[in-house]
Amino acid sequence: MARELVYTGFMSLDGVVDSPGGTVEGHRSGGWVMDTEFVPEAFSLKGEELADTSALLFGRRSYEAFAPIWRDSADHAAYKDLPKFVVSSSLTDDMLIDGWGPLTILRSADEVAQLKQTEGGAIYIHGSAELARGLSEANLIDRYNLLVFPVLLGAGKSVFSRADRDKQTLRLRESASYSNGVTKLVYDVVH
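The opening position of the sequence shown corresponds to residue 1 in my numbering, with each subsequent residue numbered one higher.
Check the hints yourself; a few may be wrong.
As the list claims (entries may be wrong) - Dumping the calculated DSBU-like pairs for lysine-lysine here, alpha-carbon to alpha-carbon at most 35 Å:
id, residue 1, residue 2
1, K116, K167
2, K184, K80
3, K116, K184
4, K80, K116
5, K46, K184
6, K184, K167
7, K157, K184
8, K167, K157
9, K157, K46
10, K167, K46
11, K80, K157
12, K46, K116
13, K157, K116
14, K80, K46
Calculated directly from the structure, the hints in this document are not laboratory data.
Kindly generate the complete structure, drawing on both the sequences and the hints.
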C-alpha cells in the first residue's frame with residue numbers, strides 16, 4: 001500500500017498560500033495568519049497532523065525558510081527526528097542544515113512517487129506551493145488539509161494549478177468553521 005502524500009497549509013479565501021507567517025518570502029501582505037484572532041480550536045488540525053506525520057517533504061525554498069527555525073522550535077520538536085525529504089535540482093548535501101534529523105534530497109516527481117511506495121505512514125508537505133502544484137499535476141497528492149482564512153490577498157502563490165488540465169475530483173473528509181472566520185477543509189483526492 002502506498003504512503004499517503006498530504007499537502008497541509010494555511011490559505012486565503014482566494015487560494016493564496018504565500019507568506020502566511022511572515023514576510024520572509026517577500027509577499028507584501030506577509031504574516032496574514034497573525035492578523036486573524038487566535039482561536040485554539042481553529043488550529044487543532046495542526047496537532048492532529050503531528051500525530052499522523054511520519055515524514056516531511058519540502059521544496060528547496062520552503063526547506064531553507066523552515067529548517068533553521070523549526071530545528072530549534074519547541075512547537076516543532078516532534079518533527080526533529082522524523083525523516084525529511086527536499087525536492088530540488090540544485091541543493092547539495094553540504095547545503096543541508098545540521099541537527100534536524102535525517103535529510104534526503106530528491107531530484108524529481110518520479111523520486112517522490114518512488115518514496116510513496118516505501119514502507120511507512122503519511123508524508124506531509126508544508127509550504128512548498130510550487131512543489132505541491134507539480135506533484136498535484138503528476139497525480140501524487142492524496143489529501144489536502146487546509147485552514148482557510150477570511151482574507152483576500154489578490155496575488156501570491158497558489159497550491160492549485162491554473163493550467164488547463166483534466167478535472168480532479170475531491171471528496172470532503174472533514175470540515176469545521178470557527179468563530180474567528182477560519183474554516184478547516186480536509187479533502188481526499190479521488191484517484
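Evaluation of the provided hints:
Of the pairs offered as hints, the one joining K116 and K167 holds, with about 23 Å between alpha carbons and a cut-off of 35 Å not exceeded. Annotation: proposed proximity of K184 to K80 holds, straight-line Cα distance about 26 Å (limit 35 Å). Note on K116 and K184: the hinted pairing holds, with a Cα-Cα distance of about 25 Å set against a maximum of 35 Å. As the CA atoms of K80 and K116 are separated by approximately 21 Å, the hinted pair is consistent with the 35 Å bound.
Among the hinted pairs, K46 with K184 is consistent with the structure: their alpha-carbon atoms are about 11 Å apart, no more than 35 Å. Restraint check: the Cα-Cα separation between K184 and K167 comes to about 23 Å, which is no more than 35 Å; the hinted pair holds. Of the pairs offered as hints, the one joining K157 and K184 holds, with about 20 Å between alpha carbons and a cut-off of 35 Å not exceeded. Our distance criterion of 35 Å between C-alpha atoms is met by K167 and K157, whose separation comes to about 21 Å.
Straight-line distance between C-alpha atoms of K157 and K46 comes to about 21 Å, which keeps the hinted pair within the 35 Å bound. Between the alpha carbons of K167 and K46 the distance comes to roughly 29 Å, so the proposed pair stays at or under 35 Å and holds. Of the pairs offered as hints, the one joining K80 and K157 holds, with about 27 Å between alpha carbons and a cut-off of 35 Å not exceeded. Taken as a hint, the K46 and K116 pair is honoured in the structure, with Cα atoms around 22 Å apart against an allowance of 35 Å.
Distance restraint check for K157 and K116: the Cα-Cα separation of roughly 25 Å lies within the 35 Å cut-off, and the hinted pair is therefore satisfied. Using a Cα cut-off of 35 Å, the hinted pair K80 and K46 holds, with the two alpha carbons roughly 16 Å apart.
Consistency note: the structure conflicts with none of the earlier hints.
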